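**Student:** Here are the chains, one letter per residue:
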Amino acid sequence: MIRVAIVDNEKKEIENLRALFQRYSRENEISFDIVSFESGITFLEEYRMERFELVFMDVDMPDMDGFETSRKLRKVDSSVALVFVTNVSRMAIRGYEVGAMDYLLKPMSYEAFRLKMPRIFAQCQRNEKEKIIVKTKTGQHVFDAGSIIYVASDGHRIVYHTEMGDFPAYGTMKEIEQQLYSERFFRCNSGYIVNLSFVTGCSGNMLELRGGSQIEISRARRKEFLEALQRYCLFLGGR
Amino acid sequence: MEIFTQIWGSVSYVGAVVLANVLVGFDFTRKKGYCFRVLASFAVICTLSFGIEQWVGGLEMSMYPRIALRTTNCLMVFMLSIGMMRFCCECSAWQALFCVTTSYCLEHISQRVYSIIQILPSYHGSPLLNVFLLIFARAALYVPFYFLVIRKLDLNQVETDNKIQIVATLIIVIFAIYVSAFASTLATPLHSRVLSLLIYLYSIVLCVLGLFVELYQLLFKRVTTERDLLQKLLYQEAEQYHREKDAIDVINVKYHDLKHQLHILESQYGREQLKNMREAIDGYDTLMRTGNIALDTVLSMKSYNCLNKQIQLTCMADGKQLNRLSEADIYSLFGNMLDNAIEAVETLPVEKRIISLHVFEQNGFVFIRCENYCGKAPQFQNGMPMTTKENKDYHGYGSHSLCLVAEKYKGLCTFNLKDDVFYTDIVLPSEA
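Going down the list, the sequences are from chains H and Z. Numbering-wise, my numbering puts 135 at position 135 of the first sequence, and it's gapless, one number per residue. Just remember that my numbering sits 239 ahead of the position in the second sequence, which is counted from 1.
Keep in mind the hints are simulated off the structure, nothing from the lab. Being a predicted model, the structure only gives us computed values, none of them experimental. Ideal Cβ positions, reconstructed from N, Cα and C, are used throughout, including at glycine. This list has only true hints and no planted wrong ones.
Not close to chain Z: a few residues of chain H, all C-beta gaps over 10 Å, as computed:
id, residue
1, D60
2, P62
3, F121
4, S213
A short, non-exhaustive set of chain H residues, derived as facing chain Z with CB atoms under 8 Å:
id, residue
5, A92
6, G95
7, L115
8, L196
9, G201
10, C202
11, K223
Sequences and hints are given; from them, build the entire structure.
**Tutor:** Structure below.
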């Protein structure tokens, strides 16, 4: 279930969009909970964090236009997925400035919707709170998969580096790799498994992580790393 | 003790050949159970080679036939090595022959270097020292050769370009092995160190020459022709870029002039009368502003193209992420990407003629994605879509060029097909 907000001053457009969602839902075994707003102002008044996972925003609205509404939305919620609906392409091309993922041109067609939406829905459905049970030396811990930064092994000892601190643990890298089997984790070399969402860059053969740590990536694994990153960021899915 | 020496002789010889085969063929796609296959091949070749050695040793015959038989043992190992390559890797017979001739040259050179050290007057080696010396001689050649030469080879080019060279090297190698086997038996170090030394050097030179014949084309010629071609194409693209940029500037100026005049006219005549005219020129406001001039130009050009073909091109692009790419590369990258997409959708029903382009930054990497419907699913080869065009000469150059530009910036280009949607994806590190 994906919770969607539609912000559009024209009732007809809202109905059009709902129809597109319904058809997509029938064809793809995915369900939506849609709430619509007829102006940016009422939308912002009623907006709360985590109420929606996806916002469809008309660009051309009286009073407060879609860009303005989005700028204000971003002050409250920096991560909710945002898609513009617009008559004119040249307005929306800079949608990335307010963190929009894409835009649909009016009149909206189902074919355009079906082409563009899979990436956006996959982003909404990504479960950051996926739990992972880890046997550490101090007992069993339950981590959010999204809070593990990387796992390191020096051949004898294994350490989970998480946002809550470091936890030495039992097991072999192979077991841990299987346990962390998810497109979010990548094995850089024999001693490191890294959470791709913490990667902030790559220079030469070093991966830079949020918080300043660096992990070496072997030449042979570099291509696989880029592939894994594409899968993770663009939702390519398995081949 | 003698039997051990003989076993060591076979094992070290076959081992050196097998190891060289593995190194030279390192980039081939490996069959399932690769390690097992290699070890099994090693065991089989070793046993056969040792068996023949023993059998020949037990025969009553004069010296020349004996040397001939012994040397033929080398040739058997050679044939079996070709079988081994085909058994362990996904490779053609020519590719296998290429690998085995290369590894024979390597093996023979290192073997002869070892022989030369052994006949040096100052060398008095114990059997154990000999073993280490041999291993060292092999390693000293194999390791640098692997890193400096083999890694730079594209084994896929072997078959198309290199057949004559492979045959030439094959002849050289066989000749070198026979001559040095005969000559070194006739002129034993006891007779004449100098003569032995000359023969060893002679066969080393032959093998080096063999390697040179076989690898030169692959290492240098290939690179230059490909680079020339790419440079030429990039140059043509850059030329075209400047022409198109001028054209777009002109259209732009005209568009704004017209718009301005319409505005003045609007105040004199009724709005309705001018509505049609306004709509007519609105189509030309396809000018995109992304924050990168080269990208703006390609997008504008291609969106005129799309307008004519009733293709809906949408683009959400953070152009400044591309500022570290050269104009020519941006033009080439997006030009080829959009040309591929346009070609794929232009024959589809109008409602499916949609191309969606994205450029955005995430996790310190720049992602470029193009999504479009495609009618006839292309065949993939090595992750690259094959051209659906008739003319295979220019086969998939666009896609190839995308990959080359991506690699130039240490990135990656992939192509994926899901149902009837085709995805072209490029990821580039934000900085070099």
